[in-house]
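Engineer: Listed here are the chains, written in short residue letters.
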Amino acid sequence: MSNVAMYEELEAGINVMLMGDGTLWQPSEKQPGAQSDVREMLAIAVELRRMPRADFRTRLATELTWQAAGRPISPKRTFARKETAVLPAVLGHLIPSERRSMFPSQGRSMAASVALHAMLAFIALLSFVTYRATRIVPLPITNSIELAAYKPAPGITAPSGGGGGGDASKTPASTGSEPRFTDEQITPPVIVLPNQHAKLTVEPTVVAPEMNLPRSAQNGDPLSKLMIASNGVGVRGGIGSGEGGGIGSGNGNGIGFGNGGWVGGGIFHVGNGVTAPRAIFSPEPEYSDEARKAKFQGIVALWAVVGPDGKPKDLSVARSLGMGLDEKALEAVKTWKFQPGMKDGHPVAVQISIEVNFHLY
Amino acid sequence: MSVVANNITDERLLIEAAQQDPSRFAVLYENNFHRVYAYVARRVQDRGEVEDITAEVFHTALANLGRFQWRGVPFAAWLLRIAANALADRWKNDRKGGNTQALSDDAWPEIEPGTDADVERHAMLFQLVERLPQDQQLVVQRRFVEQKSVREIADELGRTEGAIKQLQFRALETLRKEFMTGS
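Each protein sequence line maps, in turn, to chains A and B.
Sequential numbering from 1 applies to the first sequence in this note's numbering.
Sequential numbering from 362 applies to the second sequence in this note's numbering.
With the rest of the complex left out, here is chain B:
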């Protein structure tokens, strides 16, 4: 309980510091990046769109940080609210432009932030990847984000296909164990 209280106090101090000096926003960004990205990625399929909206959320948040008032709600909730609004705007614009495929079918009406435990799970998973050894991170990025074949990755990294499969296995095995423990 005291840890939670400390976290909330810390976050409040971070927000107040960033309101005084916008360069302090970096900490809030690092703490919430994966959360916002995961929230948007659940609702938008195109990676470029996800990145655009995520960037828009943080730019908007930074620009409007002075108007943020602390009411005991986590800062992430405010960011997800901005994300929800950005998604709504994007969706309306796409509808007007006749582009109905930009958002996934399940994007609406489930736009209410704050209740999304799945977002937290994804954010945690993305953070866990960053703790993997460098070569395993590289394989995860190439295989799942860039969706390259094992042969392509092996050629690129100058290793055998067997070595890449082994790295892939170890990365997923570590993630599975830590993810299960964290969950």
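The following block holds chain A by itself, in its conformation from the complex:
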């Protein structure tokens, strides 16, 4: 038997296997793959259907690395993609009669399916028009699994803190460092003292988890560059543009964006009211010469934090391909621009994973 005939024989057997019930299927003399070698290969093909997805192992390894580093993983994380009865219902007439009652055929669903497929076929046809000899397809964004990268620990899974204030000055708050962090605030930090001759002084603090941070003697907004002494345009004490006795643009006696004390404005993850950033400018990465010569293909997975300004930062390689493609992927994604992720109507920093797909066409 020629090689081509064996390829076809094997393919026919695989088709029977994939269309069959699966677990009950065993190659036999009645199947197309009757030849001994082909039959053995089909037996292996049956087992291969239970193989793990290519990206699952890496994703889980990354999660474990973060868990080992003492960073929490959300209990809501799930890899499961629940099957729905939509497709079987659409194709109800193709299901064996004994199982048909579970998935009755739905004419309307069938019509919707046909329309959808026609649309997809049209899109596929369009893609042929823009065909190029060598093409690299960057897959923009996949949803982030629960990983944390924000250094102040309490803000990792649910940054909810924040604070701000000021004394309704005309100028924004001036620069300086945060005061000491405590569980309870007695007096808020200020830059311009309302009373220069107070008889009883209390150390100003903000409500945030205790952290060892380098601090200067001058309190102020660490994100500000203004040198003129000002408590900021906010109200009700504190420093910044927010409201309350904290520092920053939030409300409360904590630090940063958000409400109700503690540290806000950290790195968020998609979900729980946080929308995913969307790539609005994503030039394709170049192929490295080495990979092109070797006709090497695959996917580089990157971690990135998309800041409120829509620029990616803190890029790192989550799954490496080698042959210079990791560097090319990093180089390209650095130039990407995003519509930032939003929370409560404000742009926030969101961690995402980006898959850059290198394929030679």
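No lab work stands behind these hints: they were computed from the structure.
Each hint can be trusted.
Interface residues of chain A toward chain B, partial, derived using beta-carbon atoms under 8 angstroms:
#1 M6
#2 M41
#3 I44
#4 L48
#5 R49
#6 R50
#7 R53
#8 F56
#9 L64
#10 Q67
#11 A69
#12 F296
#13 H359
Straight-line C-alpha distance at most 30 angstroms; calculated DSSO-like pairs for lysine-lysine:
#14 B:K538 <-> A:K295
#15 B:K509 <-> A:K295
#16 A:K295 <-> A:K334
#17 A:K293 <-> B:K509
#18 A:K337 <-> A:K311
#19 A:K311 <-> A:K225
#20 A:K313 <-> A:K334
#21 B:K538 <-> B:K509
#22 A:K170 <-> A:K199
Here the structure is a predicted model, which is why all the values come from computation and not from measurement.
Even for Gly, the Cβ is constructed at its ideal location relative to N, Cα and C.
Position chain B relative to chain A; hints supplied.
Structural biologist: Frame of chain A; chain B shown alone:
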């Protein structure tokens, strides 16, 4: 015999190192990933469920590694015990929720780990796939895991259907030979 002894000693050292420094758990994970996945996949049909339970096993193992005591039993046996418990919990929850289809019919009562040579065979097969050339791996993933047709794969990779069939054949042929040799 000495190789086996060395392997056991190595594993014990790896466990002790991971108990001291959890970041060393990565090696234990890599050594046992396919084994645990294969064990769970034999008992659960839905791929998402398999991935969830496998992840749960390793997260639990890492969280409880400090309590692991070396008694000369391979680390895999401990992982499979955790997997068995996770499957039992999942099964009970599904029963309570009225979902009796989540686990395959042959999942119970055969839950006792340690005697499952089939798990080792599957784990070895999955490892062999990782040694295939990149393009053959890609075809195996697309064809058998994602169950795409040859035409779809050909379109995706920009090759002819004949080339995809050839890659598929070569991949399975290599796996057959190595699998038979390994077995």
